[in-house]
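The listed protein sequences derive, respectively, from chains A and B. According to the numbering used here, the first sequence holds residues 15 to 459 in order. According to the numbering used here, the second sequence holds residues 153 to 260 in order.
Derived by calculation from the structure, the hints in this document are not laboratory data. Hints may contain errors.
As the list claims (entries may be wrong) - If you want the footprint, here are the derived chain B segments under chain A, 3+ residues with CB under 8 Å:
#1 175-186
#2 191-204
#3 211-218
#4 221-235
#5 251-258
Don't be surprised by glycine CBs; every beta carbon is placed ideally from N, CA and C.
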Amino acid sequence: MITLKVALTKTKEELAEIKSELENLAKASDLNAYIGFENSGEGVPILIKDNIQVNGWSVTSGSKILQGYIAPYDATVITKLKSSGMMAFGRSNMDEFAMGSTTESSFYGITKNPYDISRVPGGSSGGAAAAVGGGIAIAALGSDTGGSIRQPAAYCGCVGMKPTYGRVSRYGLAAYASSLDQIGPITQNVEDAAILYDIIKGHDPRDSTSADIEDSKTVINENRKLTIAVIDNYISEASSDIQKAYSDTIKALQDAGHTIVHKNMQNTKYDIATYYILATAEAATNLARFDGVRYGRRAEASNVSDLYYNTRSEGFGDEVKRRILLGNFVLSSGYYDAYYLKAQRVRHLIRDEFNTIFNEADLILSPVAPSVAPKIGAVHDPLEMYKSDMYTIAINLAGLPALSLPVAKDSDGMPIGLQLIAKAFDEQTLFDGAASMEKAVKYTK
Amino acid sequence: MYNNKTSNKEENVQIDNTILEKLEKLSHLKIDDGKKEEIIHQLSDIVAYVENLSELDTSGLDASFSTLTGGTPMREDVSSKQEEVIKSILAHAPQSEDDFFVVPAIIE
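Same shape as in the complex, but just chain A (with noise of 0.2 Å):
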């Protein structure tokens, strides 16, 4: 598939050639990484979670719950791309209300893994990432709250990137975790992520999370020698695949003339505990809205309490409903103050921990998940998927850009890709040391 960039420079007839043959391959293939084909502007197609408002769509966040319901605005993000050059093009699968890791929750139906088709794409923006990866589209939008548009990207050999919270904004993204949430691109290359990431960005009044700074265009220059941390004490609980492209990986960043700093960071359980306090609080909180009397699918009911809680069981599948009751219960009295407010505490905790690493180093090199892409079906105690968030989940929490980056592939020609964090509102440098990166892993697809 043509990149992005290049795609840029081709005429409205050669882009509405481009759009029909993604449609007849996205069609032909068995990916399962399209639900819909709806566009929306003029210019290249970029492909749209379907947790992204775009005017007179049907957006459903992959579930039961939201069928039938049409988005009634553009998400600011779409108002950009149409202003930009480009359009949205096709929603793409996605686990429900975006929580999971491997895209199997969706009312949709499972996306494959475009390198394997009886593994899974990640999640939860599979559809996005097994579509980039797949050679479907040109370019994606994802979200991620606690590593969902890095770890599908890395899954399936393609470039992920989460910004700063604050720097795009969620207006018109369904809302999951809101203190987490961040919109991104999903792309071929590094170059690509960086051009639609500048488009998406910037300050808007709708938000009232987007932060108001001034951010320049990027200026990608790969020659800059950074300092890269490693952390020494995560590596240890990956597989020996991830392990041994993790070190191929810092040798290629040496030889490229940077210098590499060795740290340690807490044990990452205690991201994923807070995590899954914070995300399910603040989901059973944004959930609450869908009660069936304002938008998507109503269920039956005779009077108004059987209409919300017919609503609500028939319309939420199993995750959701988990996530939901975990939430209410660290919200409830009597736990409210020893879970909710001990997970806020320990958030001001995390984030000191990568400030004092960033006080020595520009980036941070971490896995992006402990394994590559597992087989479908293969996940089935969901604490057993949390802890699979062990390496992205944190970023979320501390609100820093990170990007995931594809670097080798095991012995069955799956990729393995690695991420590099970057202090907050320096993308600038994000992306510096990821066309580096790039460089230096000679990764082929």
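Once you've looked at the hints, dock chain B against the given chain A.
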């Protein structure tokens, strides 16, 4: 002031039927009887796991957190009426009439 309930290992919370019923009510969700045991087991595992935070000293740390500096911005209290959005939402609502959403009787 801050009562760290999880600091005492003996006080580990057990999710049982009573707590699940309370959570179903708070969540406006009904869990099928056949699934209750499994969900109690899963929630218990998760809650037991997140108890690990009690190992961390968080004294003196603020219970509010934001990655943004300057707090929530203030804006003028001006109404913004987007007629098209209102029309679209009502047109696609499960049931609506004039400018209202229609629901089953609230008082029997």
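If you test the structure against every hint from before, which numbers come out violated? Of the numbered hints, all hold.
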